[in-house]
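J.: Each chain, written out:
Number of protein chains: 2
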Amino acid sequence: MRIGVFDSGFGGLTVLRALLEHVPEADYVYLGDTARLPYGAKSRETVARYAVSSARFLVAEDAEFLVIACNTASALALDAIRESVAVPVLGVVETGASAADASSRTRDVLVIATAATVESHAYAAACEQRGMRAIEKACPLLVPLVEEGWIDHRVTAEVLRIYMDELMEEARRKALNPDTLVLGCTHYPLLRRHIEEAVPETVRVIDSAEVTARAVAKRLGLSGREVSAKTRFFATDSVSKFRSLGSRFLGQEIAEVKLVDLEKQPVAGSRELGAGR
Amino acid sequence: MRIGVFDSGFGGLTVLRALLEHVPEADYVYLGDTARLPYGAKSRETVARYAVSSARFLVAEDAEFLVIACNTASALALDAIRESVAVPVLGVVETGASAADASSRTRDVLVIATAATVESHAYAAACEQRGMRAIEKACPLLVPLVEEGWIDHRVTAEVLRIYMDELMEEARRKALNPDTLVLGCTHYPLLRRHIEEAVPETVRVIDSAEVTARAVAKRLGLSGREVSAKTRFFATDSVSKFRSLGSRFLGQEIAEVKLVDLEKQPVAGSRELGAGR
Chain H
1 MRIGVFDSGF
11 GGLTVLRALL
21 EHVPEADYVY
31 LGDTARLPYG
41 AKSRETVARY
51 AVSSARFLVA
61 EDAEFLVIAC
71 NTASALALDA
81 IRESVAVPVL
91 GVVETGASAA
101 DASSRTRDVL
111 VIATAATVES
121 HAYAAACEQR
131 GMRAIEKACP
141 LLVPLVEEGW
151 IDHRVTAEVL
161 RIYMDELMEE
171 ARRKALNPDT
181 LVLGCTHYPL
191 LRRHIEEAVP
201 ETVRVIDSAE
211 VTARAVAKRL
221 GLSGREVSAK
231 TRFFATDSVS
241 KFRSLGSRFL
251 GQEIAEVKLV
261 DLEKQPVAGS
271 RELGAGR
Chain G
278 MRIGVFDSGF
288 GGLTVLRALL
298 EHVPEADYVY
308 LGDTARLPYG
318 AKSRETVARY
328 AVSSARFLVA
338 EDAEFLVIAC
348 NTASALALDA
358 IRESVAVPVL
368 GVVETGASAA
378 DASSRTRDVL
388 VIATAATVES
398 HAYAAACEQR
408 GMRAIEKACP
418 LLVPLVEEGW
428 IDHRVTAEVL
438 RIYMDELMEE
448 ARRKALNPDT
458 LVLGCTHYPL
468 LRRHIEEAVP
478 ETVRVIDSAE
488 VTARAVAKRL
498 GLSGREVSAK
508 TRFFATDSVS
518 KFRSLGSRFL
528 GQEIAEVKLV
538 DLEKQPVAGS
548 RELGAGR
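Chains as they are written, first to last, in my numbering: chain H, 1 to 277; chain G, 278 to 554.
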């Protein structure tokens, strides 16, 4: 089984990291669309166009199952992706909402994400389908803070305190009693400890990377016993930056990354690369 | 005279704003490559590809003179742009360095900019050509803070204090005596007052938008008397976002923005749009 994992950049490597742990017998092909990141502030049409070309690339690389590890692409473009490829597609928004469903007793949940994910209200819709009420909040400074490397930094703690206070204040205003917070962006797990410190103890934090990997394992019915995972990495921008920054998200060294151009003749380009592997 | 102004997004509107003041008799066509922003963390090859297609679009829209208002594109792709179009091209890096040249007595200058601009060392090279020493510092959190609207915010003041302290510390370590600080990113003029508060009083802050507009006026020898400026706006992503966020940078209402796709058949696409105006 070859699983394609797609993200606009490096954040999806936290999902791949969890997949390698929970589904170690699969092969992986990861694509970070780093030339066009971030998706988080772009329109639905643009995100869909980028995500569809990325999904097609992964299928051309023989992926038999796609994990859309990018929250923004899952929120804005999952239907467009499913229409454009013939393999099963799983997005982190649905797995995050399902995990909240399993966790929440009060049926009130909080979601933090990028501006585009929040504006799509994809998490609110997925929570409502499962009989929960959700408050979504955009936290646009968290990704740049993580990428600046300010993980354990007083400025990050202060920004998180401001964002989480605003979120809890909105919950009070709407008379909600949330007991679950979904991290709706793959960068946020790196801030998990500080996020947990900034919310009341009664709120459980859900990392969509972890729950997505569990959902894939369950869906594919793989045993987790045979370990022979081969992983290949592709990026649309600087492969050296992908290697150095990506290793922080993956939690292990990334040896080789291949450059791919999705703007010029996407399929032909991917076949060329595919032939060379 | 029709002047084309290019930026990866909205920041270049601070340059257009200064141009409208200093060269009011020209017509303008502005392109924000918002679908592919930000350029600031991307590689030279990717930035050059994007900037060249954008410059060609503006020339197809009958621009007779190009102002590259994007510091990253000026730093990484000015030669590539000049090779690809037949009209004169002025970039904000050279105008910023020239303004520093006119301002600095100690011949030691500071530059703050995006990661890509700093890594290119374009400002350092331009300063060295003019007999000055420069220290360049990447400040990747400032653009997201401006876009979050946290202009007068204690977190922004704290981030600026950290960045400026690091910059002055590096100057001390290298035994430089800087008297000039160039704002090497078009978002930074919105933080000008707070930047001035975070550096010693002896350091003069130079806004490249203002000095670029003066350079264009001098270069074109226009009188500034007849006022008949018509301005058209193009963006590669959401035109509604361009209108709302862009007005903050331009300092006036933006009535109409046209959407353009530079990835599919860029020249044909621009002609189609051109025919429709």
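Note that these hints are calculated values from the structure, not bench results. Predicted model only: the values in this text are computed from it and were never measured. Any given hint could turn out to be false.
Listing some non-contacts, in silico: residues in chain G with all C-beta distances to chain H over 10 angstroms [said to hold, decoys possible]:
hint, residue
1, Lys319
2, Arg359
3, Ala401
4, Val420
5, Pro421
6, Leu422
7, Val432
8, Glu473
9, Glu487
10, Arg496
11, Glu540
Not everything, but these chain G residues come out facing chain H in the computed CB check (under 8 angstroms) [as the list claims (entries may be wrong)]:
hint, residue
12, Glu424
13, Ile428
14, Asp429
15, His471
No more than 20 angstroms apart at the CA atoms, straight line, and that leaves these computed lysine to aspartate or glutamate pairs for DMTMM-like [as the list claims (entries may be wrong)]:
hint, chain 1, residue 1, chain 2, residue 2
16, G, Lys451, G, Glu405
17, G, Lys518, H, Glu119
18, H, Lys258, H, Asp27
19, G, Lys535, H, Asp165
20, G, Lys535, G, Glu338
21, H, Lys241, G, Glu322
22, H, Lys218, H, Asp261
23, H, Lys218, H, Glu45
24, G, Lys414, H, Asp207
25, H, Lys137, H, Glu166
26, H, Lys218, H, Glu83
27, G, Lys518, H, Glu170
28, H, Lys258, G, Glu322
29, H, Lys137, G, Glu474
30, G, Lys507, G, Glu298
31, H, Lys218, H, Glu201
32, G, Lys414, G, Glu474
33, G, Lys495, G, Glu298
34, H, Lys241, G, Glu396
35, G, Lys414, G, Asp304
36, G, Lys414, G, Asp378
37, G, Lys414, G, Glu371
38, H, Lys241, H, Asp261
39, H, Lys218, H, Glu94
For every residue, glycine included, the Cβ atom is placed at its ideal position computed from N, Cα and C.
J.: Each hint needs a verdict: does it hold in this structure or not?
T.: Structure-based check of all given hints:
1. Non-interface status of G:Lys319 relative to chain H is broken: a Cβ of that chain comes within 10 angstroms, the nearest being about 5 angstroms off.
2. With a least CB separation of 23 angstroms from chain H, G:Arg359 remains clear of the 10 angstroms interface cut-off, as annotated.
3. The Cβ of G:Ala401 sits about 21 angstroms from the closest Cβ of chain H, beyond the 10 angstroms cut-off, so the non-interface label holds.
4. Consistency note on G:Val420: stated as away from chain H, yet its beta-carbon is not over 10 angstroms from all of that chain's, at 8 angstroms minimum.
5. Not every C-beta of chain H lies more than 10 angstroms from that of G:Pro421, the closest at about 4 angstroms, which undercuts listing it as non-interface.
6. Here G:Leu422 does not stay apart from chain H, with its beta-carbon only about 7 angstroms from theirs, under the 10 angstroms limit.
7. The beta carbon of G:Val432 is not kept farther than 10 angstroms from every beta carbon of chain H, the shortest such distance being approximately 6 angstroms.
8. G:Glu473, annotated as away from the interface, keeps every beta carbon of chain H farther than 10 angstroms; the closest lies near 21 angstroms.
9. With a least beta-carbon separation of about 27 angstroms from chain H, G:Glu487 lies farther than 10 angstroms from that chain, consistent with its non-interface assignment.
10. The non-interface label for G:Arg496 is consistent with chain H: the shortest C-beta to C-beta separation is roughly 33 angstroms, beyond 10 angstroms.
11. At roughly 5 angstroms, the least C-beta separation between G:Glu540 and chain H is not larger than 10 angstroms, which violates its mark as non-interface.
12. The restraint placing G:Glu424 at the interface with chain H holds, with a minimum CB-CB distance near 7 angstroms, inside the 8 angstroms limit.
13. A distance limit of 8 angstroms between C-beta atoms decides the matter here; for G:Ile428 the minimum to chain H is near 14 angstroms, and the interface restraint is violated.
14. Interface restraint check for G:Asp429: the shortest CB-CB distance to chain H comes to about 14 angstroms, outside 8 angstroms, so the restraint is violated.
15. Annotation: interface hint on G:His471 violated; nearest CB of chain H at approximately 15 angstroms, more than 8 angstroms.
16. A C-alpha spacing of about 16 angstroms is found between G:Lys451 and G:Glu405, which places the hinted pair at or below 20 angstroms, so the restraint holds.
17. Proposed proximity of G:Lys518 and H:Glu119 is supported: the alpha carbons are some 12 angstroms apart, at most 20 angstroms.
18. Distance restraint check for H:Lys258 and H:Asp27: the Cα-Cα separation of roughly 17 angstroms lies within the 20 angstroms cut-off, and the hinted pair is therefore satisfied.
19. For a cut-off of 20 angstroms, the pair hint linking G:Lys535 to H:Asp165 is broken: about 39 angstroms separates their Cα positions.
20. For the hint linking G:Lys535 to G:Glu338, the alpha-carbon distance of about 12 angstroms falls within 20 angstroms, and the restraint holds.
21. As the CA atoms of H:Lys241 and G:Glu322 are separated by approximately 13 angstroms, the hinted pair is consistent with the 20 angstroms bound.
22. Pair hint H:Lys218 plus H:Asp261 does not hold up; C-alpha atoms about 34 angstroms apart against a cutoff of 20 angstroms.
23. Between H:Lys218 and H:Glu45, the direct Cα distance comes to roughly 32 angstroms. Violation of the 20 angstroms bound is thereby established for this hinted pair.
24. Proximity of G:Lys414 to H:Asp207 is assessed by CA-CA distance (about 34 angstroms); at most 20 angstroms being required, the pair is judged violated.
25. For the suggested pair H:Lys137 and H:Glu166, the alpha carbons sit about 9 angstroms apart, so the restraint of at most 20 angstroms is met.
26. For the hint pairing H:Lys218 with H:Glu83, the CA-to-CA distance comes to about 24 angstroms; that exceeds 20 angstroms, so the pair is violated.
27. Distance restraint check for G:Lys518 and H:Glu170: the Cα-Cα separation of roughly 25 angstroms exceeds the 20 angstroms cut-off, and the hinted pair is therefore not satisfied.
28. Restraint check: the Cα-Cα separation between H:Lys258 and G:Glu322 comes to about 15 angstroms, which is no more than 20 angstroms; the hinted pair holds.
29. For the given pair, H:Lys137 sits about 32 angstroms from G:Glu474 by alpha-carbon distance, which is inconsistent with the 20 angstroms threshold.
30. With a C-alpha separation of about 13 angstroms, the suggested pairing of G:Lys507 with G:Glu298 holds against the 20 angstroms cut-off.
31. The suggested pairing of H:Lys218 with H:Glu201 is violated, with an alpha-carbon distance near 30 angstroms, which exceeds 20 angstroms.
32. Taking the CA atoms of G:Lys414 and G:Glu474, the gap is about 18 angstroms. The hint holds against a cut of 20 angstroms.
33. Note on G:Lys495 and G:Glu298: the hinted pairing holds, with a Cα-Cα distance of about 13 angstroms set against a maximum of 20 angstroms.
34. Pair hint H:Lys241 plus G:Glu396 holds up; C-alpha atoms about 12 angstroms apart against a cutoff of 20 angstroms.
35. Under the criterion of a C-alpha separation no larger than 20 angstroms, the hint pairing G:Lys414 with G:Asp304 is inconsistent with the structure, at around 35 angstroms.
36. Note on G:Lys414 and G:Asp378: the hinted pairing holds, with a Cα-Cα distance of about 19 angstroms set against a maximum of 20 angstroms.
37. Distance check on the hinted pair: G:Lys414 and G:Glu371 sit about 17 angstroms apart at the alpha-carbon level, within 20 angstroms; holds.
38. At roughly 16 angstroms between alpha-carbon atoms, H:Lys241 and H:Asp261 fall within 20 angstroms of each other, so this suggested pair holds.
39. Between H:Lys218 and H:Glu94 the CA atoms are separated by roughly 14 angstroms; this keeps the pair inside 20 angstroms, and the hint holds.
Taken one by one, the earlier hints fail for this structure at numbers 1, 4, 5, 6, 7, 11, 13, 14, 15, 19, 22, 23, 24, 26, 27, 29, 31 and 35, listed in ascending order.
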